[in-house]
Amino acid sequence: DQQVKQNSPSLSVQEGRISILNCDYTNSMFDYFLWYKKYPAEGPTFLISISSIKDKNEDGRFTVFLNKSAKHLSLHIVPSQPGDSAVYFCGAKNRDDKIIFGKGTRLHILP
Amino acid sequence: DAMVIQNPRYQVTQFGKPVTLSCSQTLNHNVMYWYQQKSSQAPKLLFHYYDKDFNNEADTPDNFQSRRPNTSFCFLDIRSPGLGDAAMYLCATGGRGYTFGSGTRLTVV
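Residue numbers (our numbering), protein chains in the order written: chain B, 26 to 136; chain R, -7 to 101.
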């Protein structure tokens, strides 16, 4: 049973538009959420995170929104750029500090 | 730059032949993790170390072992690789956002 779900395997977005990647979780004990970006043949790179006490965290073009009641978080990238084409993994931690990941969403930025 | 380095990047091993993957870090972090990622699946935690304290996930097969001789190095040993063990193996150090290595892609022939 997946505790962290990314239900869209892929997403295509026009360059300059907003990319929205979604993630759902089932474990209410998760208290910290992270997004990672992964290029082919590289390891995942930490992008942005959010604590469960917040509902929004912003870093440049990247914003993460957390809706605890819905057990849902999303990553917004605006404006989308060609270099954003990658696989994005959503991850969640509880107090044991271990990250549980989703399967990832492949984002394609179209010219 | 503080880094996590995995060697080799690509490893081919024969069915049943023991193989060791290595990971080193310059971050001096006390926690290190090993994940297995199969194609189109989520990275799955195999085990982690808190200093020398080894913590195995309940569903990690006995075929997978690990050693951490010092803070900087951590090894993943697969005693008898099967075809189902072909995957990307990712090492990471702890912290709020893990730092991952580039991974080792293991092929079993």
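No lab work stands behind these hints, which were simulated from the structure alone.
Because the structure is a prediction, the values reported are computed rather than measured.
Among the hints, a few may not be true.
What the hints assert, rightly or not - Listed next, with one range per pair, are the computed distances between beta-carbon atoms:
| # | chain 1 | residue 1 | chain 2 | residue 2 | range |
| --- | --- | --- | --- | --- | --- |
| 1 | B | 65 | R | 12 | 20 to 30 Å |
| 2 | R | 1 | B | 131 | 20 to 30 Å |
| 3 | R | 62 | B | 41 | 40 to 50 Å |
C-beta: ideal position from N, C-alpha, C; glycine also.
Results for each hint:
1. A hinted range of 20 to 30 Å for the beta carbons of residue 65/B and residue 12/R is consistent with their spacing of about 25 Å.
2. In this structure the hint that residue 1/R and residue 131/B lie 20 to 30 Å apart at CB holds, the actual value being about 21 Å.
3. For the pair residue 62/R and residue 41/B, the supplied restraint of 40 to 50 Å holds, since their beta-carbon distance comes to about 49 Å.
Hint compliance for this structure: no hint is broken.
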